[in-house]
Amino acid sequence: MGVFDALNFSASGLTAQRLRMDVASSNMANVDTTRGKFVDGKWQPYKRKMVVLGSEDSGFKTMYAKAMNKDVNVNGVKVNGIIEDKAPFKSVYQPDHPDADENGYVQLPNVDPLKEMVDLMSATRSYEANVTALNAAKGMYLKALEIGR
Amino acid sequence: MDKISFGALQNINHAIPSSKSTPFEAQKSFQNYLEGALEKVNQSQIDSNKATQDLMNGNMDNLHQVMITAEKASVTLQTTLEIRNKVVEAYQEIMRMQI
Numbered sequence: 001m002g003v004f005d006a007l008n009f010s011a012s013g014l015t016a017q018r019l020r021m022d023v024a025s026s027n028m029a030n031v032d033t034t035r036g037k038f039v040d041g042k043w044q045p046y047k048r049k050m051v052v053l054g055s056e057d058s059g060f061k062t063m064y065a066k067a068m069n070k071d072v073n074v075n076g077v078k079v080n081g082i083i084e085d086k087a088p089f090k091s092v093y094q095p096d097h098p099d100a101d102e103n104g105y106v107q108l109p110n111v112d113p114l115k116e117m118v119d120l121m122s123a124t125r126s127y128e129a130n131v132t133a134l135n136a137a138k139g140m141y142l143k144a145l146e147i148g149r
Numbered sequence: 001m002d003k004i005s006f007g008a009l010q011n012i013n014h015a016i017p018s019s020k021s022t023p024f025e026a027q028k029s030f031q032n033y034l035e036g037a038l039e040k041v042n043q044s045q046i047d048s049n050k051a052t053q054d055l056m057n058g059n060m061d062n063l064h065q066v067m068i069t070a071e072k073a074s075v076t077l078q079t080t081l082e083i084r085n086k087v088v089e090a091y092q093e094i095m096r097m098q099i
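Listed in order, the protein sequences are those of chains A and B. Take this note's numbering: the last position of the first sequence gets the number 149, and nothing is skipped along the way. Take this note's numbering: the last position of the second sequence gets the number 99, and nothing is skipped along the way.
Extracted from the complex, chain B is given alone in its bound form:
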């Protein structure tokens, strides 16, 4: 089973705009980073689906592998949700600011 890593998180520095980058560039790099992270989460869901299908077709003889793949998918998805909650929370905090 291939390992799922949060390698995308290590590239988060690209998402932080340097003093020279324009807002457009910053937006672009953040978009790339987010897309990469979501792609990984999606991949873990696809792996889980494939493992379940293999089990149903009788191609997979280890039930625990299926369960563990499903657990991995679940944990990565929950991490994504948690990060989304944090982002939305930060956004709302900014929007509540008095001007």
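With the rest of the complex left out, here is chain A:
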């Protein structure tokens, strides 16, 4: 374990939570986007995006620990990918909409503003928690410098 590992883990957490915030903001902004993607000559509504987080596997270090039969798994977090929500689109009757089908229904994105608000709050709180952990780690380093003073 290096001296600044705690700081690096917290940094990875902060980056991940910021991405979650970005994605939630994007979803929220595109809540009414009917032209998200152009597929086979037809516009598809925006699809809700979700962030998948995984444990950061720091390559050689983890392999070495495994080879030495040490089951240490202290890692930061990394973003595995951004996936699209498979939920069906909302269908709203709006015949005067330019993207309405022949029956007068418009396909709206599968974004639920309530869910996005919860995601935003969760990302904010997790970010704060990571900052607190980082400050605690820094406090420990500084306390260690006071030994023998």
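The hints are simulated quantities; they were obtained by calculation from the structure and are not laboratory data. Please note: incorrect hints may appear among the correct ones.
[Stated by the list, open to error] DSBU-like mimics (lysine-lysine), calculated; alpha carbons at most 30 Å apart, straight line:
#: 1; chain 1: B; residue 1: K20; chain 2: A; residue 2: K143
#: 2; chain 1: B; residue 1: K86; chain 2: A; residue 2: K143
#: 3; chain 1: B; residue 1: K40; chain 2: A; residue 2: K138
#: 4; chain 1: A; residue 1: K42; chain 2: B; residue 2: K28
#: 5; chain 1: A; residue 1: K86; chain 2: A; residue 2: K47
#: 6; chain 1: A; residue 1: K70; chain 2: A; residue 2: K115
#: 7; chain 1: A; residue 1: K78; chain 2: B; residue 2: K86
Predicted model, so just to flag it, every value in this text is computed and none were measured.
Starting from the known structure of chain A, arrange chain B on it as the hints suggest.
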């Protein structure tokens, strides 16, 4: 972000003179060790400066990375100061010795 380690501290054994080494050699090895450690501290300051500049130029999109780099630089510098204080304290203790 690359990790900052106190790897130089592990080589401190080189700084301790063995029974055979002359004072000159001991002085030289301690000088090398000190230079290495200070170089690392300086590097962390340079990293911090670069991160701040990148943020100002808009090349860095993560504010927290800049802050953490700055914190790392601050902590390493404080460690250096603390060690310097200890060295000066030891020196003054020796100088106060009655002969």
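Going down the list of hints, with the structure as the test:
no., hint, in the structure
1, B:K20 / A:K143, "violated, 39 Å"
2, B:K86 / A:K143, "holds, 16 Å"
3, B:K40 / A:K138, "holds, 19 Å"
4, A:K42 / B:K28, "violated, 75 Å"
5, A:K86 / A:K47, "holds, 8 Å"
6, A:K70 / A:K115, "violated, 40 Å"
7, A:K78 / B:K86, "violated, 40 Å"
Of the numbered hints listed earlier, those contradicted by the structure are 1, 4, 6 and 7.
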